[in-house]
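There are 2 protein chains.
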Amino acid sequence: MGNKNISMAVIRRLPKYHRYLGDLLDKDIQRISSKELSDIIGFTASQIRQDLNNFGGFGQQGYGYNVEALHSEIGKILGLDRTYKAILVGAGNLGQAIANYSGFRKAGFEIKALFDANPRMIGLKIREFEVLDSENIEEFIQKNDIDIAILCIPKNGAQELMNRIVKVGIKGVWNFAPIDLEVPKDVIVENVNLTESLFTLSYLMKESE
Amino acid sequence: MGNKNISMAVIRRLPKYHRYLGDLLDKDIQRISSKELSDIIGFTASQIRQDLNNFGGFGQQGYGYNVEALHSEIGKILGLDRTYKAILVGAGNLGQAIANYSGFRKAGFEIKALFDANPRMIGLKIREFEVLDSENIEEFIQKNDIDIAILCIPKNGAQELMNRIVKVGIKGVWNFAPIDLEVPKDVIVENVNLTESLFTLSYLMKESE
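Residue numbers (full-length UniProt numbering), protein chains in the order written: chain A, 1 to 209; chain B, 1 to 209.
This is chain A alone, in the form it adopts within the complex (with noise of 0.2 angstroms):
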């Protein structure tokens, strides 16, 4: 269902336009133009106006975006109005950084528990979840309905752990691990890779000395 033409460029952008217009919101600026919009947010009037047609518009001619419609409209669009089940595998410091991430919230991400296959980590307290083992994963996502994954973990044995939680149910994955990771047609993997980001920088430092 839904917009399945929807480019990935354009969808990789609404995010921003959600972020600007929250904090237009937070402003209690209550209208914009196009032109305006394309001020502070960098995109061409005519880009935003294309990305937003993808969508049915929202804007009326002479008026310009109700701030607040636009902003709930791309949330919905964007399934923030929806509740997903999450556990985070990978209790290390990255793990711990980002189920302290405040951004799950309004992305409607709940994390249900922690996992690590340590000794050392199964058992500590972190935040409100004592981290649980590894080995009884599975179970756990089934008795939860867990819907999504966070993987905090070495690129070793990534696989073999992602095709285990798949058997279970798993829907959908964010991916700190830096591999590629093999998946079933209907599972979703978002990847951020935090190697890839800093060689990108590396590289322009370098072209522009």
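Simulated from the structure, these hints should not be mistaken for lab results.
All C-beta atoms in this analysis are idealised placements derived from N, C-alpha and C, irrespective of residue type, glycine included.
Wrong hints could be hidden among the right ones.
Said to hold, decoys possible - Chain B regions said to be covered by chain A (calculated; three or more residues, Cβ under 8 angstroms):
(1) 15-23
(2) 72-80
(3) 101-107
(4) 179-189
(5) 195-205
What the hints assert, rightly or not - Here are the simulated lysine-lysine pairs, DSSO-like style, with alpha carbons at most 30 angstroms apart:
(6) A/Lys143 x A/Lys185
(7) A/Lys185 x A/Lys155
(8) B/Lys171 x B/Lys76
(9) B/Lys125 x A/Lys155
(10) B/Lys143 x B/Lys167
(11) B/Lys155 x A/Lys16
(12) B/Lys155 x A/Lys85
(13) A/Lys112 x A/Lys76
(14) A/Lys171 x B/Lys16
(15) B/Lys155 x A/Lys106
(16) A/Lys155 x B/Lys27
(17) A/Lys155 x B/Lys85
(18) A/Lys155 x B/Lys106
(19) B/Lys155 x A/Lys112
(20) A/Lys76 x A/Lys35
(21) A/Lys185 x B/Lys35
(22) B/Lys171 x A/Lys16
(23) A/Lys16 x A/Lys35
(24) A/Lys185 x B/Lys27
(25) B/Lys35 x B/Lys76
(26) B/Lys155 x A/Lys125
(27) A/Lys167 x B/Lys16
(28) A/Lys167 x B/Lys27
(29) A/Lys27 x B/Lys155
(30) A/Lys85 x A/Lys125
(31) A/Lys125 x B/Lys125
(32) B/Lys171 x B/Lys16
(33) B/Lys143 x B/Lys106
(34) B/Lys106 x B/Lys155
(35) A/Lys112 x A/Lys167
(36) A/Lys85 x A/Lys171
(37) A/Lys171 x A/Lys155
(38) B/Lys171 x B/Lys143
(39) B/Lys16 x A/Lys185
(40) B/Lys16 x A/Lys155
With chain A's structure known, arrange chain B on it following the hints.
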């Protein structure tokens, strides 16, 4: 200087080539055809040849690529053989996780200090670093010839801090703050926007239902 006309799309694929070639080296594989590389990396063989031709090729007809030479050449293109001095600003959960990130060494980034504005953080010991007061950041940057700042701070105040550190010579920023920073043209900003990534996952989950 350098390869100014290379598109960002190609540049963003280079770290992936580097990673896969590193994996091959770990497995003692010395030679690979673009077809075999295509099978493991998931780009078409023609895409791979095109990408690498941007930098002068490296392949030999009938032989394929020498894995070690190609890995090392891509490393040089990415500037991984250079050393940059970095500071990390914002010693909260994410900052601490990033300070522990092992990718810095590979990228030639040397973290010289952590800074925070929160009096409760200042003076704390994190890894080998005592957290320093952000008040004194300009002085530290100038005294220690710092090139790069890693920003793990909230959106509020990020632009003001950016203005201060750019004035004293920061040339690159790895930015985790959810804000599009305005910087002079010769300053590089590479953003890691966790919220945009999470919202994209949310969208794709919704669409796949």
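Now for the hints, and whether the structure bears them out:
| no. | hint | result |
| --- | --- | --- |
| 1 | 15-23 | holds (count 4) |
| 2 | 72-80 | holds (count 4) |
| 3 | 101-107 | holds (count 5) |
| 4 | 179-189 | holds (count 3) |
| 5 | 195-205 | holds (count 11) |
| 6 | A/Lys143 x A/Lys185 | holds, 24 angstroms |
| 7 | A/Lys185 x A/Lys155 | holds, 21 angstroms |
| 8 | B/Lys171 x B/Lys76 | holds, 20 angstroms |
| 9 | B/Lys125 x A/Lys155 | holds, 29 angstroms |
| 10 | B/Lys143 x B/Lys167 | holds, 14 angstroms |
| 11 | B/Lys155 x A/Lys16 | holds, 14 angstroms |
| 12 | B/Lys155 x A/Lys85 | holds, 27 angstroms |
| 13 | A/Lys112 x A/Lys76 | holds, 23 angstroms |
| 14 | A/Lys171 x B/Lys16 | holds, 25 angstroms |
| 15 | B/Lys155 x A/Lys106 | holds, 16 angstroms |
| 16 | A/Lys155 x B/Lys27 | holds, 15 angstroms |
| 17 | A/Lys155 x B/Lys85 | holds, 27 angstroms |
| 18 | A/Lys155 x B/Lys106 | holds, 16 angstroms |
| 19 | B/Lys155 x A/Lys112 | holds, 27 angstroms |
| 20 | A/Lys76 x A/Lys35 | holds, 24 angstroms |
| 21 | A/Lys185 x B/Lys35 | holds, 24 angstroms |
| 22 | B/Lys171 x A/Lys16 | holds, 25 angstroms |
| 23 | A/Lys16 x A/Lys35 | holds, 16 angstroms |
| 24 | A/Lys185 x B/Lys27 | holds, 29 angstroms |
| 25 | B/Lys35 x B/Lys76 | holds, 24 angstroms |
| 26 | B/Lys155 x A/Lys125 | holds, 29 angstroms |
| 27 | A/Lys167 x B/Lys16 | holds, 28 angstroms |
| 28 | A/Lys167 x B/Lys27 | holds, 29 angstroms |
| 29 | A/Lys27 x B/Lys155 | holds, 15 angstroms |
| 30 | A/Lys85 x A/Lys125 | holds, 20 angstroms |
| 31 | A/Lys125 x B/Lys125 | holds, 22 angstroms |
| 32 | B/Lys171 x B/Lys16 | holds, 25 angstroms |
| 33 | B/Lys143 x B/Lys106 | holds, 25 angstroms |
| 34 | B/Lys106 x B/Lys155 | holds, 29 angstroms |
| 35 | A/Lys112 x A/Lys167 | holds, 19 angstroms |
| 36 | A/Lys85 x A/Lys171 | holds, 11 angstroms |
| 37 | A/Lys171 x A/Lys155 | holds, 20 angstroms |
| 38 | B/Lys171 x B/Lys143 | holds, 15 angstroms |
| 39 | B/Lys16 x A/Lys185 | holds, 22 angstroms |
| 40 | B/Lys16 x A/Lys155 | holds, 14 angstroms |
The structure shown violates none of the earlier numbered hints.
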